[in-house]
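A.B. asks: Below, each chain spelled out in residue letters.
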Amino acid sequence: MLEVRDMVAGYGEVKVLHGVSLDVGPGEVVALLGSNGAGKSTLNNNISGIFRPFAGMVIFEGQDISGARPETTVDLGIIQVPEGRRVFPNMSVRDNLEMGAYRRARARRTQNIDRIAGIFPRIAERIDQLAGTLSGGEQQMLAIGRSLMAEPRLLILDEPSLGLSPLLVEEMFALIHQLHADGLSILLVEQNVVQSLEIANRGYVLENGKVAMSGPASNLLQDEGLRRSYLGM
Amino acid sequence: MYDPSIIAASIINGLMTGAIYSLVALGLTLIYGVLHIINFAHGSLLMLCMYGVWFLYAQAGIDPYLALPLVAAGAFCLGYGLQRSVIGKTSHGRDEIILLVTLGVSIIIENIALFAFTANERVVQVPYDIDGIDLGITFLVVPQIAAFVASLAITAALWLFIARTYTGKAIRAVAKERQGARLVGVNVDHIFAVSFGIGTACLGAAACLLAPTFPISPQIGYIFVLIAFTVVVLGGMGSFVGALIGGFIIGVTESLGGLFFGESLGKLGISLIFILILLFRPTGLFGQRM
Ligand SMILES: Nc1ncnc2c1ncn2[C@@H]1O[C@H](COP(=O)(O)OP(=O)(O)OP(=O)(O)O)[C@@H](O)[C@H]1O
Ligand SMILES: [Mg+2]
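Residue numbers (the working numbering), protein chains in the order written: chain A, 1 to 233; chain B, 1001 to 1290.
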């Protein structure tokens, strides 16, 4: 479904990714792990078209979308929930959700808002509240709700559990599990190594802009090196 | 002492002028709210629009009020094109460069106007400019009433547009969260240009409403942009309601100032408000909200 081939990317003169290759198959959850500054968000934003890669290819469902604009990737159904939520603070929860359907599934936005209200009752209760006044956890739910409004084909989640209480982290992973069960393809960037590998089919470990390790999630979970560097075990 | 009816009359007159100030300020505040820049070309674009009104009037005999939709649409296209192909292209997304580019644009427009139209004043005369309604305490002429009603109607329409339509929502989204807007698929460059276009269209409308009352010269923009700037600072940068109410406050201040202290000294009231606001409430009356 998504193929990233030898992506070189960065900012200005500085290269952050030095030839990264990665796949997400249909209906797969792929975990992307790596320490702070490894280049995970850089990879996401180069897939989404926020930045243009210096070299390499991004192929989505057989179509070359390297360097495509974000409008195009959104049109194709690649929807990213960015690090730090990036909800629209000056707009109501409802308007935020509606903005999720800016380019896709606009005609079905009313049904989709109802559906998302069912997934996130806390969001539904605050539908007319300004997004900027939501708690961090609620904003994270809203950001995910907004992404679902576009009826994504590939969902990119950049650290969805960041800053959530343990209980909400559990809820978040349960939700990702549910979306997976519904057949959605997901690229999941996470710091919660064990939990994300437990729900992922496969995983990649990014180190200094290169894929240091990859394979089935269960294999990575057993890996000594990974356990030592990320779990301190 | 002044007769209360004279003061009331002065307030009413101030509200009429204030409505146009609101409209000019609305354009400035919208552009500021979305692009986060002060559009230094605002005054010269208003001047250009006024010459457009005069041209239609003098060459084609089109009534300035009937010309409003045409001038506003033309101004929208001018603003859209200016942002999309000049300001956006040359600034490379850096705010301090955008500022200088708008300044450069204004200098160019002014010099072209000076060359093409000379410094002579042009007048747009409507046949009904002394008709009006007698309120008892004051007599309101058609240009005043038209300016008041049209400014309010345009402000209301614009507010509905921003609040209700998808494009309006995209404008608000871009104003506060550009990256988030990009990720839902908003073309931010397009929205910048649309906002600049709407801001310029406000000037187009204002130009039609001002033309029957103010003689047009290449310097006319300065007067209004200074007032608009005061209104925006008073109301709060980027605030819609602030622009509206700020316009009325400034209009009334100017009118009452004129009554108590005479024409020229009265204008000092505006500068005084400007300084007081900066000293005591730099975020303006309505903070920065959109
Ligand atoms: N907009 C930017 N301009 C310049 N450098 C950037 C920019 N964004 C990120 N970087 C740099 O690129 C490198 C990789 O950053 P990136 O955000 O991709 O890391 P990450 O793996 O997502 O880290 P984290 O887990 O902390 O989110 C870092 O060294 C960072 O400083
Ligand atoms: Mg990151």
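Each hint should be verified, as a subset may be incorrect.
[What the hints assert, rightly or not] Computed Cβ-Cβ distance ranges for the label pairs, DEER-style:
#1 Leu1276(B) <-> Pro89(A): 46 to 56 Å
#2 Asn219(A) <-> Leu1160(B): 26 to 36 Å
#3 Ala107(A) <-> Glu1096(B): 53 to 63 Å
#4 Ala1153(B) <-> Arg52(A): 36 to 46 Å
[To be verified] Listing some non-contacts, in silico: residues in chain A with all C-beta distances to chain B over 12 Å:
#5 Arg5
#6 Gly27
#7 Asn44
#8 Gly56
#9 Asp75
#10 Ile78
#11 Pro82
#12 Arg86
#13 Pro89
#14 Asn90
#15 Ser92
#16 Gly132
#17 Arg146
#18 Ser147
#19 Gln195
#20 Asn219
[Unchecked claim] Where chain A lies over chain B, by a calculated footprint (3+ residues, C-beta under 8 Å):
#21 1096-1102
#22 1119-1126
In case anyone wonders, no lab produced these hints; they're calculated from the structure.
Computed from a prediction, not measured in an experiment: that's the story for all the values here.
Ideal placement from N, C-alpha and C gives every residue a C-beta, glycine not left out.
A.B. asks: Taking the hints in turn, state whether each one holds.
C.D. replies: Checked hints:
The hinted window of 46 to 56 Å between Leu1276(B) and Pro89(A) is violated, with their beta carbons roughly 30 Å apart. Under the hint 26 to 36 Å, the C-beta atoms of Asn219(A) and Leu1160(B), about 58 Å apart, miss the expected range. Taking 53 to 63 Å as the suggested C-beta distance range, the pair Ala107(A) and Glu1096(B) does not conform, at roughly 43 Å. For the pair Ala1153(B) and Arg52(A), the supplied restraint of 36 to 46 Å holds, since their beta-carbon distance comes to about 44 Å.
Here Arg5(A) stays apart from chain B, with its beta-carbon at least about 23 Å from theirs, past the 12 Å limit. With a minimum CB-CB distance of about 23 Å to chain B, Gly27(A) clears the 12 Å threshold, and the non-interface call stands. Separation of Asn44(A) from chain B is inadequate, the least Cβ-Cβ distance of about 10 Å not exceeding the 12 Å criterion. Taking the minimum C-beta to C-beta distance to chain B, about 21 Å, the non-interface status of Gly56(A) holds against the 12 Å cut.
In this structure Asp75(A) is not separated from chain B by more than 12 Å, as the shortest Cβ-Cβ distance comes to only about 7 Å. At roughly 10 Å from the closest C-beta of chain B, the C-beta of Ile78(A) falls inside 12 Å, breaking its exclusion from the interface. The beta carbon of Pro82(A) sits about 6 Å from the closest Cβ of chain B, which is not more than 12 Å, so the claim that it is off the interface is violated. Not every CB of chain B is more than 12 Å from the CB of Arg86(A) (nearest about 3 Å), against its label as outside the interface.
Look at Pro89(A): its CB is around 6 Å from the nearest CB on chain B, not clear of 12 Å, so calling it non-interface is violated. Its beta-carbon lying about 5 Å from the closest one in chain B, Asn90(A) breaks the requirement of being farther than 12 Å from that chain. Non-interface call for Ser92(A) relative to chain B: violated, since the shortest CB-CB distance, roughly 10 Å, does not exceed 12 Å. With a least CB separation of 8 Å from chain B, Gly132(A) falls inside the 12 Å interface cut-off, contrary to its annotation.
Residue-level check failed: Arg146(A) sits 7 Å from the nearest beta carbon of chain B, not beyond 12 Å. Not every Cβ of chain B is farther than 12 Å from the Cβ of Ser147(A); the closest lies at roughly 8 Å, contradicting the non-interface assignment. Every C-beta of chain B lies more than 12 Å from that of Gln195(A), the closest at about 25 Å, which supports listing it as non-interface. For Asn219(A), the condition that its CB be more than 12 Å from all CB atoms of chain B holds, with the nearest at approximately 32 Å.
Only residues whose C-beta sits within less than 8 Å of a C-beta in chain A count toward coverage, and the region 1096-1102 of chain B has 0 of them, not enough to reach three; the restraint is violated. For a cut-off of 8 Å, the count of residues in the region 1119-1126 of chain B with a CB near a CB of chain A stands at 0, and the three-residue condition is violated.
Checked against the numbered hints given earlier, the structure breaks hints 1, 2, 3, 7, 9, 10, 11, 12, 13, 14, 15, 16, 17, 18, 21 and 22 and satisfies all the rest.
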